[in-house]
Amino acid sequence: MALFRKRPDLEQAKARLSQLARANLVDNIGPGQEVTVDRELDVTGEVCPYPVDAALQALAQMRPGQVLAELTDHTISTHTVPAAVERSGLGRVLRIEEQEPGLYRILLQRT
Amino acid sequence: MALSWQALLGLGAVFGFIYGFLLQRGDFCFTSAFRDLYAFGHTRVLRGIVAAVLVTTVGWGLAMTAGWAGPDRLWVPPVGWNSLIGGFLFGIAMYIAGGCASGTLYRAGMGYLQFWLTLLAMGAGYYTFLRLFEPVLKPYFFDALQLAGPITLYQVLPLPPLVTALAGAGLILAVLALLLSPGGLAREIAETLAFFRQPPGQLLRQRSWDTRAVGLLIGLVATIKFSVWTIWGITGSETRMTALAWSALGGGEAVRAHPYVKGLFAGYPGLVFGPEEVLIVAIIAGAAASSLLNGTFRWRKPRLHRLPNAVIGGFLLAFASRLTPGCNIGNLISGLPALSVHSMLATAGIATGVYVAWNVSHRRQQALLRAAAREAEASARVPVRQLSTT
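Residue numbers (numbering that gives the first Met the number 0), protein chains in the order written: chain C, 0 to 110; chain B, 0 to 389.
There may be inaccurate statements among the hints.
To be verified - One-sided excerpt, in silico: chain C residues whose CB lies under 7 Å from chain B:
no., residue
1, Val25
2, Gly44
3, Cys47
4, Thr74
5, His78
6, Arg86
Claimed, not checked - Restraint ranges, calculated between C-beta atoms of paired labels, are given here:
no., chain 1, residue 1, chain 2, residue 2, range
7, B, Gly183, C, Leu24, 22 to 30 Å
8, C, Pro63, B, Ile188, 50 to 58 Å
9, C, Thr110, B, Val135, 17 to 25 Å
10, B, Lys137, C, Leu70, 43 to 51 Å
11, B, Leu131, C, Leu9, 54 to 62 Å
Stated by the list, open to error - Some chain B residues well away from chain C (every beta-carbon gap over 12 Å; in silico):
no., residue
12, Gly9
13, Gly66
14, Leu161
15, Trp228
16, Thr229
17, Pro258
18, Lys261
19, Trp298
Hint data in this document are derived by calculation from the structure and do not stem from the laboratory. Note that the Cβ used here is the ideal one computed from N, Cα and C, for glycine as well.
Sequences are here, hints too, so could you generate the full structure?
Below you can see the structure in the form of structure tokens.
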């Protein structure tokens with residue numbers, strides 16, 4: 000059957016899933032790598048869509064290479080902010096740190 | 000076999016807890032599903048909803064064919080313009096509140112104080128609806144806008160329920176295969192199945208489950224619930240809870256004689272806190288337990304300037320859920336698998352409502368982004384020496 004001509008690669012699927020499982024603990028630059036933050040943005044207490052809007056707006060005002068650190072306690076933002084920033088072409092995710100339960104710091108670099 | 004009232008109360012607690020746990024694990028936000036699709040083509044939650052609808056549809060078709068449940072358990076309201084208009088208003092309310100009926104509950108369990116306020120505002124919305132139902136809404140809204148009685152494709156198509164369900168699910172899969180390509184669809188299925196190969200201990204600690212796997216589990220739970228008890232709803236139960244509060248606060252005879260309240264409590268032994276209300280409380284408890292286990296629980300204080308979102312959004316969520324009738328769970332997770340024409344229209348209304356609300360606020364955001372880009376460009380032209388002295 001055409002649908003299954005190419006067998007699904009379960010190992011690749013598992014690797015992708017394990018990446019998904021670490022969605023709140025992303026590190027794209029390697030552990031121990033120091034990052035100089037150019038702008039801090041505290042959006043704790045805000046829910047969707049404001050953490051996304053704030054990150055996009057702040058990145059748009061920054062220069063290529065500069066780093067934005069967004070502090071949020073809205074858990075789903077650890078999915079939506081990276082997706083919006085990368086799809087907008089404004090930046091890339093360097094790291095998502097968990098400061099304490101339910102509090103995240105998303106490091107974004109303007110591209 | 001008819002279950003005792005106590006057994007139903009127990010089932011309400013068990014199913015509610017499981018639903019709350021799953022909603023929290025997937026961060027299964029229906030507002031995010033639609034808004035993020037329009038805003039930046041992000042379909043993380045939407046894929047989970049599609050999985051839930053597919054599994055529930057096939058599960059219920061199987062349950063009705065096997066005789067575990069009769070078609071009388073399906074929730075199929077009459078069809079009218081109110082299905083579309085109510086759904087549209089509900090979509091706008093979801094956008095304003097930043098959460099849907101189920102999202103408000105699971106986030107209340109995660110410690111979001113803003114969504115506890117949304118729940119209170121929803122109570123005001125249900126109460127206002129009940130007060131306006133007989134003098135205004137029934138004659139000038141429901142009766143005026145009704146087009147036909149209840150319609151489900153299960154009645155329209157002369158086929159065994161499982162065949163009809165498989166045809167519906169097959170149609171959705173065919174559309175997905177066209178959108179994603181057959182290979183893409185196969186990869187989605189493989190990734191969903193691979194989720195379950197992870198060790199249980201790891202799964203318990205994970206903060207973020209694959210939404211497609213969560214959708215599949217919700218579909219399985221909804222099938223078991225349908226087979227042993229009933230469909231899953233939220234805002235009907237919350238309206239009952241509001242009627243109980245109104246009665247306790249002095250409503251008395253007016254509440255007992257209210258035609259809408261009478262309909263809501265049909266099958267109940269009076270105006271009492273029943274199994275479906277236990278389910279609502281258990282959703283909050285399940286989400287709290289899940290978030291305590293995976294480290295996402297936190298008492299989150301809202302920003303003061305967002306309180307109008309909770310109050311206005313919550314009020315409108317509740318009011319619109321009664322106008323439609325049904326919320327995102329009633330219409331998407333229970334109504335679509337019932338192949339109910341009302342829920343198809345309501346779903347279209349919800350999707351359109353979120354789109355319009357997003358489009359209005361998106362214009363403002365795009366303008367801000369353009370202004371920000373111009374500002375960044377202008378400051379880049381300023382000599383660096385001058386910048387360092389300011």
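Hint by hint, here is what the structure shows:
1. Look at Val25 of chain C: its Cβ only gets to about 11 Å from chain B, farther than 7 Å, so that hint breaks.
2. Using the Cβ-Cβ criterion of 7 Å, the hint placing Gly44 of chain C at the interface with chain B is satisfied: the shortest such distance is roughly 4 Å.
3. The beta carbon of Cys47 of chain C is positioned within 7 Å of a beta carbon in chain B (closest approach about 5 Å), and the interface hint is therefore held.
4. For the restraint placing Thr74 of chain C at the interface with chain B, the shortest Cβ-Cβ distance is roughly 5 Å, inside the 7 Å limit, so the hint holds.
5. Because the smallest distance between the Cβ of His78 of chain C and any Cβ of chain B comes to about 6 Å, under 7 Å, the interface hint for this residue holds.
6. The interface hint given for Arg86 of chain C holds, since its Cβ lies 4 Å from the closest Cβ of chain B, which is under the 7 Å cut-off.
7. Evaluation of the 22 to 30 Å hint for Gly183 of chain B and Leu24 of chain C yields a pass: the beta carbon distance comes to about 27 Å.
8. The hinted window of 50 to 58 Å between Pro63 of chain C and Ile188 of chain B is violated, with their beta carbons roughly 40 Å apart.
9. Range check, Thr110 of chain C to Val135 of chain B: Cβ separation about 55 Å, and the 17 to 25 Å hint is violated.
10. The hinted window of 43 to 51 Å between Lys137 of chain B and Leu70 of chain C holds, with their beta carbons roughly 49 Å apart.
11. Between Leu131 of chain B and Leu9 of chain C, the C-beta spacing of about 56 Å keeps the proposed range 54 to 62 Å intact.
12. Remark: the non-interface label on Gly9 of chain B is consistent with the geometry, its nearest Cβ contact in chain C lying 31 Å away (cut-off 12 Å).
13. No Cβ of chain C approaches the Cβ of Gly66 of chain B within 12 Å, the least distance being about 32 Å, so the stated non-interface status holds.
14. At the 12 Å boundary, the C-beta of Leu161 of chain B stays outside the reach of chain C, the nearest C-beta of that chain being 22 Å off.
15. Separation of Trp228 of chain B from chain C is adequate, the least Cβ-Cβ distance of about 30 Å exceeding the 12 Å criterion.
16. At roughly 30 Å from the closest C-beta of chain C, the C-beta of Thr229 of chain B stays outside 12 Å, upholding its exclusion from the interface.
17. At roughly 37 Å, the least C-beta separation between Pro258 of chain B and chain C is larger than 12 Å, which holds for a residue marked as non-interface.
18. Residue-level check passed: Lys261 of chain B sits 37 Å from the nearest beta carbon of chain C, beyond 12 Å.
19. Consistency note on Trp298 of chain B: stated as away from chain C, yet its beta-carbon is not over 12 Å from all of that chain's, at 9 Å minimum.
The earlier numbered hints that this structure contradicts are 1, 8, 9, 19.
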